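Visitor: Work out the full structure: start from the sequences and follow the hints.
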Amino acid sequence: MTEKISFTINGEYRSVEIDEEMMVIDVIRDVLDLTGTKRGCDNATCGTCVIVMNGKAVKSCNTPASKMQGANILTIEGLAKGMELHPIQKAIAESGAVQCGFCTPGIVMELHALLESKPDASETELSNALNKHLCRCTGYEPIRDGALIAQQLIRERMTEKA
Amino acid sequence: MAYKYLGKSYIRPDAINKVTGKAVFLDDIRLPGMLHAAILRPKYAHARILSIDTSEAEKCPGVVKVVTGKGCTYRYGDNIRDLVPMAIDKVRHIGEPVAAVIADTPRHAYAALDKIKVEYDPLPVYIDARQAMSEDAVLIHEELGEYWHLPTLNPKPGTNIANVYHLKKGRGEEGFEEADVIIEGEFNYPFGSCAALEPHGSIVWFKEDRTIEIWSSSICPFIIRDDIAHSYGVPVSDVRVHIPDIGGCFGYKSDITVEQTIAWIASFVPGRPVKWVASRKEDITSTLLAHGIRTVMKIGAKRDGKLVALKTTVYHSGGAYSDTAVNVTIAATHNSTGPYEFEHCDLTGYTVYTNTPPVGAFRGYGHPEPQFATERMMDMLARKLNMDPFELRRKNYLREGSTNSLGERMWKSNGDMQACAERVQQIVFGKPKEKQEDDQFYYGRGFAALMKSPKGAPFSTKGCYMKMNIDGSVSVNMGGAEVGQGLRTVVRQIAAEALKIPPEKVRCYNEIDTQFSPYEWQTIGSMFTMQGGRAIVRAAEKLIQGLKKTAAQVLRTDEDYLEYDGEYVYLRSDPSIRVPVTQLARGYITDNGITIGDLAQSVADARLPRYSNPDQNGQGNLGVTYTFGAQAAEIRIEKKTGRIYVDHFASVFDVGQVINPIQIRGTVLGGVLMGLGAALYEEVKFDEEGRILNPHYFQYHIPTYKEAPQQTIEFIETPDPIGAFGARGIGEHPVIGVPPAILNAIYDAIGVDFYEIPVTPEKIKQALEARTEKEYA
Ligand code: FES
Ligand code: FES
Numbered sequence: 008m009t010e011k012i013s014f015t016i017n018g019e020y021r022s023v024e025i026d027e028e029m030m031v032i033d034v035i036r037d038v039l040d041l042t043g044t045k046r047g048c049d050n051a052t053c054g055t056c057v058i059v060m061n062g063k064a065v066k067s068c069n070t071p072a073s074k075m076q077g078a079n080i081l082t083i084e085g086l087a088k089g090m091e092l093h094p095i096q097k098a099i100a101e102s103g104a105v106q107c108g109f110c111t112p113g114i115v116m117e118l119h120a121l122l123e124s125k126p127d128a129s130e131t132e133l134s135n136a137l138n139k140h141l142c143r144c145t146g147y148e149p150i151r152d153g154a155l156i157a158q159q160l161i162r163e164r165m166t167e168k169a
Numbered sequence: 006m007a008y009k010y011l012g013k014s015y016i017r018p019d020a021i022n023k024v025t026g027k028a029v030f031l032d033d034i035r036l037p038g039m040l041h042a043a044i045l046r047p048k049y050a051h052a053r054i055l056s057i058d059t060s061e062a063e064k065c066p067g068v069v070k071v072v073t074g075k076g077c078t079y080r081y082g083d084n085i086r087d088l089v090p091m092a093i094d095k096v097r098h099i100g101e102p103v104a105a106v107i108a109d110t111p112r113h114a115y116a117a118l119d120k121i122k123v124e125y126d127p128l129p130v131y132i133d134a135r136q137a138m139s140e141d142a143v144l145i146h147e148e149l150g151e152y153w154h155l156p157t158l159n160p161k162p163g164t165n166i167a168n169v170y171h172l173k174k175g176r177g178e179e180g181f182e183e184a185d186v187i188i189e190g191e192f193n194y195p196f197g198s199c200a201a202l203e204p205h206g207s208i209v210w211f212k213e214d215r216t217i218e219i220w221s222s223s224i225c226p227f228i229i230r231d232d233i234a235h236s237y238g239v240p241v242s243d244v245r246v247h248i249p250d251i252g253g254c255f256g257y258k259s260d261i262t263v264e265q266t267i268a269w270i271a272s273f274v275p276g277r278p279v280k281w282v283a284s285r286k287e288d289i290t291s292t293l294l295a296h297g298i299r300t301v302m303k304i305g306a307k308r309d310g311k312l313v314a315l316k317t318t319v320y321h322s323g324g325a326y327s328d329t330a331v332n333v334t335i336a337a338t339h340n341s342t343g344p345y346e347f348e349h350c351d352l353t354g355y356t357v358y359t360n361t362p363p364v365g366a367f368r369g370y371g372h373p374e375p376q377f378a379t380e381r382m383m384d385m386l387a388r389k390l391n392m393d394p395f396e397l398r399r400k401n402y403l404r405e406g407s408t409n410s411l412g413e414r415m416w417k418s419n420g421d422m423q424a425c426a427e428r429v430q431q432i433v434f435g436k437p438k439e440k441q442e443d444d445q446f447y448y449g450r451g452f453a454a455l456m457k458s459p460k461g462a463p464f465s466t467k468g469c470y471m472k473m474n475i476d477g478s479v480s481v482n483m484g485g486a487e488v489g490q491g492l493r494t495v496v497r498q499i500a501a502e503a504l505k506i507p508p509e510k511v512r513c514y515n516e517i518d519t520q521f522s523p524y525e526w527q528t529i530g531s532m533f534t535m536q537g538g539r540a541i542v543r544a545a546e547k548l549i550q551g552l553k554k555t556a557a558q559v560l561r562t563d564e565d566y567l568e569y570d571g572e573y574v575y576l577r578s579d580p581s582i583r584v585p586v587t588q589l590a591r592g593y594i595t596d597n598g599i600t601i602g603d604l605a606q607s608v609a610d611a612r613l614p615r616y617s618n619p620d621q622n623g624q625g626n627l628g629v630t631y632t633f634g635a636q637a638a639e640i641r642i643e644k645k646t647g648r649i650y651v652d653h654f655a656s657v658f659d660v661g662q663v664i665n666p667i668q669i670r671g672t673v674l675g676g677v678l679m680g681l682g683a684a685l686y687e688e689v690k691f692d693e694e695g696r697i698l699n700p701h702y703f704q705y706h707i708p709t710y711k712e713a714p715q716q717t718i719e720f721i722e723t724p725d726p727i728g729a730f731g732a733r734g735i736g737e738h739p740v741i742g743v744p745p746a747i748l749n750a751i752y753d754a755i756g757v758d759f760y761e762i763p764v765t766p767e768k769i770k771q772a773l774e775a776r777t778e779k780e781y782a
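Top to bottom, those sequences are chains R and U. So the mapping is simple: the numbering used here equals the position in the first sequence, first residue as 1, plus 7. So the mapping is simple: the numbering used here equals the position in the second sequence, first residue as 1, plus 5.
To be clear, the hints were calculated from the coordinates, so they are not data collected in a lab. Here the structure is a predicted model, which means the values were calculated and not measured. Careful, some of the hints might be misleading.
As the list claims (entries may be wrong) - Derived, one-sided and incomplete: chain R residues facing chain U with beta-carbon distance under 10 Å: (1) T44; (2) A51; (3) K63; (4) L92; (5) E101; (6) A104; (7) A120; (8) S124; (9) K125; (10) N135; (11) T145; (12) Y147; (13) L155.
Backbone N, C-alpha and C define an ideal beta-carbon position, used for all residues, glycine too.
Guide: What follows is the structure, given as structure tokens:
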């Protein structure tokens, strides 16, 4: 059974045909060719596939594609404004949090959902969010450092605006 | 030594691509007309295949072809040619490919897999090396005697022993006659998985022009190229292998693994590229496993603590195909001394065929497993001798003038083991322990020393190609695989230093293409910074020499009367007489357009100098270079749950020269956490039938954010004579000392010796209960 759904992704309005057994990750990667979102496991444990849907971090590998109907979706490709990186991308790139980079898009999106809605998130909130992601390379410390720098940059951006 | 661009933290050249989602990994590649494969795995871990019926599967929607191993006449492998791309008449492990479906989409391919019917005649299953070595064991490879193998290997046809390696130093076992005290122990480092976040995958395309094009998440493109060319009888130059970004390796993407299977499948649909990407379950159950090493160790010492003799027997459960395990066993055997000198050694390593997926490289390559034994034994020996364990170790460290098991003499320039140990001792043991226990916890501290050499090979060279562009920027190509370890950053900094130009003017990309990239054996053994770095320095010297040659004609002087500073080539006596490199890069163009000199480009390579095969005693220049280090853990054991918390972990390595501080810290942070996973959580478990019980991340637990300890990481810099600017290998080393340090800390906390990992809360609780029973008995 196919079904037609429409949604906004990275600021663009899109309409696509989906099969009913499709997950959000299949639409993003295989229909829309947005390959920045990664698949690292078979049963929603690793966090590499996390995207932001209606402001919340969700695992795209176990969210049915039909949930995309009418949604506002953000993937890793939608963060940078032209050549200008999002503060989270900048912080994560500079803190040493990137080694192989396979876990990176999911982590960046997780932090985006948290910090854009809650720039004052506590360390516990940060660590609860990051604890949902596996990274085999970095030992996590540089990811924490990057998250803290990102939080700082986002706060600064807010005071500038105010 | 003060360098301009070394010892400073530059951002990775691939960082931006990775944070914007633009880095292209294997599964992100889409080719015109690409088909997808799904692979059928057997019901049994060891069985004869009686029949395969593919007729139903062939009728499924989207199916283009169903493939079996029937008709396959070749075997492959670089050490022992025992591998087949797909089971022919027999399956030997639970992850072995039995058949495959090629379809228009992965979904269609997987749907049709269920329709393939296979009849099996099951055979006995062996998981542990010693079961498979028993007299009456059924042979896993009846044809062992017919397999091609490296002349240095010693297989035992008619048994399940794929190789026996033996090393004798001094008087061998007779050396124990000189010992006052002897201790013995048996230690187990169970099966593990590298479990990189990106699963394995490959794309293979047999093209109509008879070339073969391959993409793979692998660190050995040149081995894949040579092997596939050999198997399909085409010139090596007609096979082209591309390596995209790789989402972590840690060992199991080395050697040729999944590529031959995908090539076999794709060979049935010439003209169409075929892609296969492992599910997480397949990544754990069908690619290379790790470890599976049991170490039986006996140490003899004088009463004053001087070590005299070591006997080690390594039983390596090598899996169903031993091509990838044999060298791990050899490394585990001769490195079982740890960083200590023994006058007499009798070391034996058995690589044994078993019915698990093939066992291969894991970060540390044969060093973590036996040194887990050595470092636990050093603490036990100290107790037996009633001696301070630091003092016992200090007496015996390899140092200037001592010889290791291989008979290699150690020089001052090999690094300072003792300095590493002393520094870690200061950091962790410098102050008295605050408490032994409180209401909730027991507290412990433990130490481990370590050493590692690369596992080289006679042809283990690394190439570098560089060209200077007309603006003086430099493009560098290397065949080394970037798996996340940051070697492109290292390339940039070393090239910058050698060429005296800022790192921003050096560009190198992650992708490898065997047609355009210089040759590299494979990117293993923590060798890239050393050997690859050396190739860069050599290429830079040649490039500078080329610039001088052209400039000599322009300035009408001798080449050796010229100096180079990154921007100009000038007269030694008068720097104002000079020519900018920007005017030399394409040769020098005179006013009337006549051009002199050559393009500013160069090629070089570097190998481990004087690396050799083992002699009849198992000795030789097999190590060549060593990195020493020391590590220590501070832990808490929760009384109620038996859970172990590692609160602080310290590591000090003598790395010769730090190239990039932020990056080297990252290497150690990640490596230590991997070692912590091995010590406390990770084990790939089998049932008696050879099925894997925990092939998913929620079952095979790798350390998470909240489990990461606070780490202190420092480096000592005794320059190495081989590595570029004195740098030594460090990639694998941080995992080695972690399990023994943690297990030594457990003993310190609760007085219980563990001989195998992982030490789970259940095991701690059992031990605590047994201890209480003993107290009341
Ligand atoms: S792919 Fe692993 S959580 Fe979604
Ligand atoms: S950087 Fe490799 S998994 Fe996180």
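Visitor: Evaluate each hint against the coordinates.
Guide: Taking the hints in turn, this is what the structure says about them:
Annotation: R:T44 was flagged as interfacial toward chain U, and the flag holds, the nearest CB pair being 7 Å apart, inside 10 Å. Taking 10 Å as the C-beta cut-off, the interface hint given for R:A51 holds, the closest approach to chain U being about 9 Å. With a cut of 10 Å, the hint placing R:K63 at the interface with chain U is violated, because the nearest CB-to-CB distance is about 19 Å. With its C-beta approaching chain U no nearer than about 7 Å, R:L92 sits inside the 10 Å limit, and its interface hint holds.
Contact between R:E101 and chain U, as hinted, is supported at the beta carbon level, the nearest pair being about 6 Å apart and thus within 10 Å. Because the smallest distance between the Cβ of R:A104 and any Cβ of chain U comes to about 8 Å, under 10 Å, the interface hint for this residue holds. The beta carbon of R:A120 is not positioned within 10 Å of any beta carbon in chain U (closest approach about 16 Å), and the interface hint is therefore violated. For R:S124, the shortest C-beta to C-beta distance to chain U is roughly 20 Å, which exceeds 10 Å, and the interface hint is violated.
Checking R:K125 against chain U by beta carbon gives a least distance of about 18 Å; that is not within 10 Å, so the hint is violated. Hint status for R:N135: holds, given a least beta-carbon distance of 9 Å to chain U, under 10 Å. With its C-beta approaching chain U no nearer than about 5 Å, R:T145 sits inside the 10 Å limit, and its interface hint holds. Taken as an interface hint, R:Y147 checks out: its beta carbon lies about 4 Å from the nearest beta carbon of chain U, inside 10 Å.
With 10 Å as the threshold, the beta carbon of R:L155 stays out of range of chain U, its nearest partner Cβ sitting at about 13 Å, so the hint is violated.
In summary, the numbered hints that this structure violates are 3, 7, 8, 9 and 13.
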